[in-house]
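Same order as they appear, the protein sequences are chains A and B. When the count follows our numbering, it moves up by one through the first sequence with no breaks and lands on 116 for the last residue. When the count follows our numbering, it moves up by one through the second sequence with no breaks and lands on 112 for the last residue.
No lab work stands behind these hints, which were simulated from the structure alone. A quick note: this is a predicted structure, and the numbers were derived from the prediction, not measured. Please note that a few of the clues may not be correct.
[Claimed, not checked] Here are the simulated lysine to any residue pairs, SDA-like style, with alpha carbons at most 20 Å apart:
| id | chain 1 | residue 1 | chain 2 | residue 2 |
| --- | --- | --- | --- | --- |
| 1 | A | K55 | B | K99 |
| 2 | B | K99 | A | N70 |
| 3 | A | K41 | B | S10 |
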Amino acid sequence: GAVVSQHPSWVICKSGTSVKIECRSLDFQATTMFWYRQFPKQSLMLMATSNEGSKATYEQGVEKDKFLINHASLTLSTLTVTSAHPEDSSFYICSATGGRADQPQHFGDGTRLSIL
Amino acid sequence: ILNVEQSPQSLHVQEGDSTNFTCSFPSSNFYALHWYRWETAKSPEALFVMTLNGDEKKKGRISATLNTKEGYSYLYIKGSQPEDSATYLCAPSKAAGNKLTFGGGTRVLVKP
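Work out the full structure, taking the sequences as your base and the hints as a guide.
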């Protein structure tokens, strides 16, 4: 089946640090990648939709200057949390798809981000 | 923003018993309904993508039905096994888009 790799799986860093999370589709070309955030005891909340070669589309309330998304190739998207603060601590997870809504999304394992 | 409700939030099932739970979503502008299984320390795994009203899909002991007119889907687990313990997430998508809105999930714990 389709495999998506997400790194790192766990990050602890100081407030003010920028953190980059990578999402790679290993065995298929992902025209669209999605970035989600999960708050404790809540479901997955879509942050942004990333299409290869174009700017990401952010959901309402998500700061694009805070959460920089780059999708430079059909197999790699990155999420950079800039100048992270404790309130950015959360679980971040990516998914990838060939593009159509009737195709399943393939998820990475997620990244647990803790900002001290 | 779609309002997606899953019930119950959690349930305990005795090994061997069958169970089912619900996903409710707005029926307007419906395009597809996704079901995922999310086991602890693993990534969410796609179970089904359903598009047609009245559709029923099956994967082993797990099956799902879809009613797009009234906006609900049922997921059934027949003869539950401990390995079925997971959180089951549903997510509809609206027409002309591939964004998913996830429900809160139903957490299933199968007791041996």
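Status of each hint after checking the structure:
1. K55/A x K99/B: Answer holds: K55/A to K99/B is near 16 Å, not above 20 Å.
2. K99/B x N70/A: Distance of about 18 Å is within 20 Å: holds.
3. K41/A x S10/B: Holds, at roughly 12 Å.
Taken one by one, the earlier hints all hold for this structure without exception.
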